[in-house]
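K.L.:
The UniProt record's numbering numbers the first residue of the sequence shown as 1 and each following residue consecutively.
If you are wondering where the hints come from, they were derived from the structure by calculation, not from laboratory data. Honestly, I wouldn't trust all of these hints.
What follows is a list of derived Cβ distance ranges for each label pair [unchecked claim]:
| no. | residue 1 | residue 2 | range |
| --- | --- | --- | --- |
| 1 | V72 | E24 | 17 to 23 Å |
| 2 | T22 | G79 | 20 to 26 Å |
| 3 | E14 | E70 | 37 to 43 Å |
| 4 | G11 | P73 | 21 to 27 Å |
| 5 | E20 | S66 | 25 to 31 Å |
| 6 | E19 | Y100 | 29 to 35 Å |
| 7 | E59 | T32 | 31 to 37 Å |
| 8 | T22 | S66 | 36 to 42 Å |
| 9 | L117 | T32 | 41 to 47 Å |
| 10 | Y100 | G33 | 17 to 23 Å |
| 11 | Y100 | D43 | 30 to 36 Å |
| 12 | D48 | L117 | 15 to 21 Å |
This one's a predicted model, so the numbers in the text were calculated from it and none came from an experiment. Heads up, the beta-carbon is just placed ideally off N, CA and C, and yes, glycines get one too.
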Amino acid sequence: MPEIELGVPKGVVESLPEEEGTAERDMRRAITGIQSRLNDALDEADPDEAAEVVADAVERMESQASTYHEFVPELRAWGQSPIYAIAWRNLYLELIGQLYDHEWLADDLDRERNFRLVEDGIRLSDL
1 MPEIELGVPK
11 GVVESLPEEE
21 GTAERDMRRA
31 ITGIQSRLND
41 ALDEADPDEA
51 AEVVADAVER
61 MESQASTYHE
71 FVPELRAWGQ
81 SPIYAIAWRN
91 LYLELIGQLY
101 DHEWLADDLD
111 RERNFRLVED
121 GIRLSDL
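The task is simple: from the sequences and hints, build the whole structure.
P.N.:
In structure tokens, the structure reads:
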């Protein structure tokens, strides 16, 4: 099974204020950790379970993105800049997109995520 490769999206880095580069360094470290954990989990999984492993990671990233998204209005209400919350939210969303860019994984990942929607009881209405 091919390895997952993730990178820091250029647009996310460019959205950060020009400072010491601490946020960019933290993002790079976070991406390295996510990539490493994903590849370790994929090494231990059967090829049939790859989509399940990645779907779990996608759900965690969606949760993180949602958390950062919720910070934005709160920070604005307190007169603080939400730029870092926005950047981290966008980072997680971009990483999810990068996972779908892996051709060997995209179709199975879609199928697994759709299966989870149905399994959770969410059904489309009969129109």
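K.L.:
Hint by hint, note whether the structure agrees.
P.N.:
Hints, verified against the model:
1. Range check, V72 to E24: Cβ separation about 20 Å, and the 17 to 23 Å hint holds.
2. Taken as a hint, the range 20 to 26 Å holds for the pair T22 and G79, whose Cβ atoms sit roughly 22 Å apart.
3. Under the hint 37 to 43 Å, the C-beta atoms of E14 and E70, about 24 Å apart, miss the expected range.
4. Between G11 and P73 the CB atoms are about 22 Å apart, so this pair conforms to the stated range of 21 to 27 Å.
5. Checked against the hint of 25 to 31 Å, the C-beta distance between E20 and S66 comes to roughly 28 Å, which is consistent with it.
6. Separated by about 31 Å at the C-beta atoms, E19 and Y100 satisfy the suggested range of 29 to 35 Å.
7. Distance hint check for E59 and T32: the Cβ-Cβ separation is about 20 Å, which falls outside the suggested range of 31 to 37 Å.
8. Range check, T22 to S66: Cβ separation about 24 Å, and the 36 to 42 Å hint is violated.
9. Taking the beta carbon of each, L117 and T32 are about 30 Å apart, not inside 41 to 47 Å as hinted.
10. The beta-carbon spacing between Y100 and G33, approximately 20 Å, falls within the hinted interval of 17 to 23 Å.
11. Range check, Y100 to D43: Cβ separation about 21 Å, and the 30 to 36 Å hint is violated.
12. Roughly 20 Å separates the CB atoms of D48 and L117, a value that falls within the hinted 15 to 21 Å.
Comparing the model with each earlier hint shows violations of hints 3, 7, 8, 9, 11; every other hint is respected.
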